[in-house]
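Spelled out from the first residue to the last, the chains are:
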Amino acid sequence: MNQNKVSIEYNDTVVRYFLVITVVWSLVGMLVGVLVAFMLNFWQIDGGLYLFGLNIPMEWLSFGRLRPLHTNAAIFAFVGNMMFAGVYYSTQRLVRARLASDILSWVHFWGWQLIIVAAAVTLPLGLTRGKEYAELIWPINIAVVLMWVVFAVNFFWTLLIRNVSTLYVAIWFYIATIVTVAMLYIVNHLSIPTSFLHSYPVFAGVQDALVQWWYGHNAVAFFLTTPILGIMYYFVPKAVNRPVYSYRLSVIHFWSLVFIYIWAGPHHLLNTALPQWLQYLGMLFSLMLWAPSWGGMLNGLFTMRGAWDKLRTDPVVKFFAAAITFYGMATFEGPLLSIKSVNALAHYSDWIIGHVHSGTLGWNGFMAAGMIYWLVPRLWKRPLHSQALANFHFWIGMIGILLYIASMWFAGITQGVMLNALNESGTSLAYANFLETLNSIRFMMLTRAVGGTFYFIGFVLMTYNVFKTIVGAEVQKTTIEVEAKPEKETMPWVKGFINAPIIYSTLGIFFPCLWMLGDGFVMLLGMFGTIIVVLLAIIHFKATGAKWNDWYEKLLANSMIFTVLVFVSVAIGGAIQIIPTVTVNKAENLQGRIQKLYTPLELAGRDIYISEGCYNCHSQMIRTMRSDVIRYGDYSRLGESIYDHPFQWGSRRTGPDLAREGGYRPNDWHYDHFMDPRTVSPGSNMPAYPWLAKKKIDVDALPSKISVLRTLNVPYPEWTDEEIFDSVAEQAEGIAKDLQEKGRVLQPNTQMTALIAYMQKLGAYEIRGDVASTE
Amino acid sequence: MDEKEREDLRNKNIKLLDHEYDGIREFDQKLPNWWLISLYATIVFSVIYWVVRHQWMDGEFDFKKLETELAMVEEARLEETLQMLDDDILMAFSRASDWTEAGAATFTQNCVACHGSDLKGENLPGVSLVDAEWLYGNKPTEMYGIVANGSPDLTSGMVAWEGLLGPKKIAEVVAYILSKQE
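Residue numbers (the working numbering), protein chains in the order written: chain A, 47 to 821; chain B, 137 to 318.
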């Protein structure tokens with residue numbers, strides 16, 4: 047045997063574990079999705095069972111608590127485990143090395159599953175941070191970060207002990223995923239605990255909104271897109287046995303994608319109170335994201351060119367081709383929805399839900415299915431139990447997706463048009479009753495639920511197919527012989543950063559930033575600087591482009607320098623958007639109004655609102671649009687949510703906006719509405735909340751909560767515990783007494799009292815200047 | 137890849153890179169032109185949009201546009217209200233302090249010369265507006281008509297105020313006068 051040859055046994059055992067658990071969690075995540083979809087049509091199964099003469103309230107069975115379970119399970123349990131299986135399988139092979147540490151691999155596997163179980167228990171119990179896709183409570187957040195670090199160490203360590211010299215494009219995408227998700231997750235989960243199960247995020251109002259959607263948008267980018275692109279770059283060429291279409295395209299679309307994606311977050315906040323320059327950035331960077339996204343689609347689809355015959359016979363290729371097509375569709379739809387005027391119609395509507403699902407069902411789900419059908423026969427060394435069943439899975443899944451997306455387009459556009467429609471003179475609403483618009487899309491919502499069920503059935507069939515294939519299979523080891531430690535062209539760190547492409551890129555970002563954000567001389571400097579840098583770069587590249595290629599080649603042999611460059615690229619966008627909003631004088635973020643502080647009782651009510659997940663259906667943000675103002679009242683100003691930890695601007699209006707709900711209706715209306723919404727709002731699909739009239743307010747938690755908020759610069763006075771308890775008792779007695787006069791009996795110490803108090807406070811503000819500065 | 141395809145690629149000068157990762161090879165095809173054009177086009181569009189909307193136009197553009205729209209809505213709503221003015225609405229206005237105060241201001245500027253600041257018109261050309269006698273009807277809408285269109289008695293000196301004051305101010309004045317009745 048040659049001295050240089052070493053024998054390597056891949057760690058495929060952990061890959062098998064991740065693969066099997068992916069299948070299991072896919073069923074859980076999708077089943078909960080189907081359930082919550084049906085809840086929107088049938089309030090009889092929302093928040094309890096009210097069918098066949100039954101009358102059983104069950105608080106853990108309500109839309110507001112289960113929808114976060116669906117999203118978290120689909121993203122972190124299903125796609126997360128699929129990603130780990132794909133990354134671990136392909137990375138070992140692409141770098142010709144066994145995963146660096148068996149211990150870390152197993153800690154990663156079991157730790158991640160424990161996190162998911164913890165999430166599945168806490169979310170239905172109403173334990174939540176109240177931020178979308180970031181609902182899990184702080185102890186679980188810490189566990190997630192730890193597990194991510196374990197994953198990162200295991201991955202980068204494997205890169206360091208690799209037996210190939212350079213890194214393949216799939217690995218670039220994995221690196222971007224690991225680095226960026228860590229950055230996003232940590233910043234958006236910064237919180238101060240008030241107890242073991244509860245915390246307040248450190249950001250509030252507009253800052254929290256910006257950080258949340260910087261995270262939310264890029265969770266889609268770096269949890270649901272970049273790792274899957276990496277998986278595409280490995281599994282698609284493997285499945286069709288063809289070379290990748292274009293390396294050049296890989297380079298360009300990788301770097302443009304990771305740089306541009308980060309900036310697009312504010313497109314979730316268009317036409318809100320968010321400062322205009324941020325809205326423009328969000329919209330424009332979304333438009334610029336179109337081509338980089340399609341670069342990935344082209345490389346995927348064109349790699350299949352020449353192997354289209356397999357499309358007819360091989361379900362794996364079918365799934366991949368469809369998934370990449372859905373990726374292309376979703377990444378065209380995204381920029382379209384980010385155009386401010388389109389967004390005015392689509393935001394808060396079902397169109398967004400449809401858009402998300404063409405990405406998750408179409409792109410993520412089908413990539414996962416393709417990968418699983420390709421991997422299972424190879425990992426267990428047995429042919430797939432049934433190709434026909436896999437084909438059937440493809441078709442029933444496809445019909446499911448199409449039903450889902452088409453019904454959500456119709457629903458979103460229909461309701462969006464109705465909600466924004468004005469009468470001829472433009473002074474009043476064409477459809478004044480919100481429920482009229484909701485009930486006009488009932489059939490579409492039902493179609494969506496049926497489509498989702500079809501899709502779910504497809505995955506049930508896959509589960510059966512996988513089970514039949516692997517049960518009783520003898521697991522074999524995969525061992526290869528490789529040349530150990532080939533010569534790597536190491537590059538000193540300085541050379542990694544000081545060279546033509548990096549210098550041009552740096553200046554090419556620096557000068558446009560001056561141009562965009564500066565005034566007068568700085569702006570002119572930025573403009574001319576940009577033009578000169580671009581011209582110089584083009585000329586220089588034409589002259590010595592080959593050298594740039596050599597440098598990039600060397601960079602690919604130096605994984606740590608590569609990683610640092612990726613981190614810098616993804617950090618810039620967030621830094622420019624978020625840091626000014628967090629650090630610059632807060633007065634500019636007030637727009638002349640400042641929120642009135644919640645009383646202790648109202649604060650308790652707000653935490654109940656968050657805990658029940660009301661934000662899943664109700665926004666608190668009246669946009670700068672005529673129809674919004676006519677429907678809900680004066681448009682929201684930034685200062686009106688400046689003390690909201692977390693912000694509650696919302697993302698979907700299954701119910702109406704609540705930003706100015708306070709004082710609009712009497713207490714007894716709210717009481718009746720919470721007990722059974724349909725008594726006062728015929729046709730409503732909101733669940734009833736009878737348990738709120740029984741459960742007690744956790745008064746003892748309030749002093750700690752208020753003290754944390756004071757730490758976060760909410761100007762609460764230094765109340766003693768007794769003052770807080772007295773204040774709660776007094777305000778609650780008042781509400782109970784008022785209800786009693788109207789013939790409703792409610793104990794003052796119940797959660798419903800607190801929630802009513804909160805409802806009646808919504809939209810309360812003072813004109814800035816009447817209050818002392820909080821700085 | 138068969139031999140024919142290799143031949144084809146050589147003819148088109150498409151390079152297959154030397155890299156190989158677990159059997160995966162990579163072409164180095166030129167970037168499709170339409171793709172490059174769409175990349176550049178979105179960048180150019182973004183620069184232009186930014187310069188026009190953010191740097192040339194007002195940074196508060198959206199808010200101001202909305203405020204203008206809302207002011208128009210307010211105006212149009214009032215117009216609609218005035219078109220369906222009836223006695224009840226005018227009586228309601230006479231009990232709303234913002235209407236009567238605005239009416240008082242208009243009255244002071246335009247009407248006291250003839251009707252007096254006490255509305256009695258003593259030793260002045262105008263008639264008393266606070267006695268029980270009404271020459272042309274005592275309904276609020278009839279009063280509105282006199283102010284808007286002037287007195288049928290062309291010699292009386294009471295001219296048509298509609299073009300000068302507009303419907304809103306007239307309604308305010310009527311509300312003010314109504315509020316002064318015993």
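Quick caveat, the hints were computed from the structure, so don't treat them as lab data.
All residues carry an ideal CB built from backbone N, CA and C; glycine is no exception.
Among these hints, one or two may not hold up.
Okay, the calculated bits of chain A under chain B, using three or more residues with CB under 8 angstroms as the criterion [claimed, not checked]: (1) 322-332; (2) 339-348; (3) 351-363; (4) 391-400; (5) 675-682.
Have a look at the derived ranges for each label pair, beta carbon to beta carbon [to be verified]: (6) B:Met-193 - A:Thr-757: 34 to 42 angstroms; (7) B:Asn-169 - A:Ile-549: 45 to 53 angstroms; (8) A:Pro-763 - B:Glu-205: 40 to 48 angstroms; (9) A:Leu-192 - B:Glu-205: 30 to 38 angstroms.
DSBU-like, lysine-lysine: derived pairs with alpha carbons at most 35 angstroms apart [as the list claims (entries may be wrong)]: (10) A:Lys-588 - B:Lys-148; (11) A:Lys-541 - A:Lys-531; (12) A:Lys-284 - B:Lys-151; (13) A:Lys-642 - B:Lys-151; (14) B:Lys-304 - A:Lys-600; (15) A:Lys-742 - A:Lys-788; (16) B:Lys-304 - A:Lys-534; (17) A:Lys-593 - B:Lys-304; (18) B:Lys-304 - B:Lys-200; (19) A:Lys-593 - A:Lys-531; (20) A:Lys-356 - B:Lys-200; (21) A:Lys-642 - A:Lys-51.
Check each numbered hint from earlier against the structure, then list the numbers of those it violates in ascending order.
3, 4, 7, 9, 13, 14, 16, 17, 20, 21
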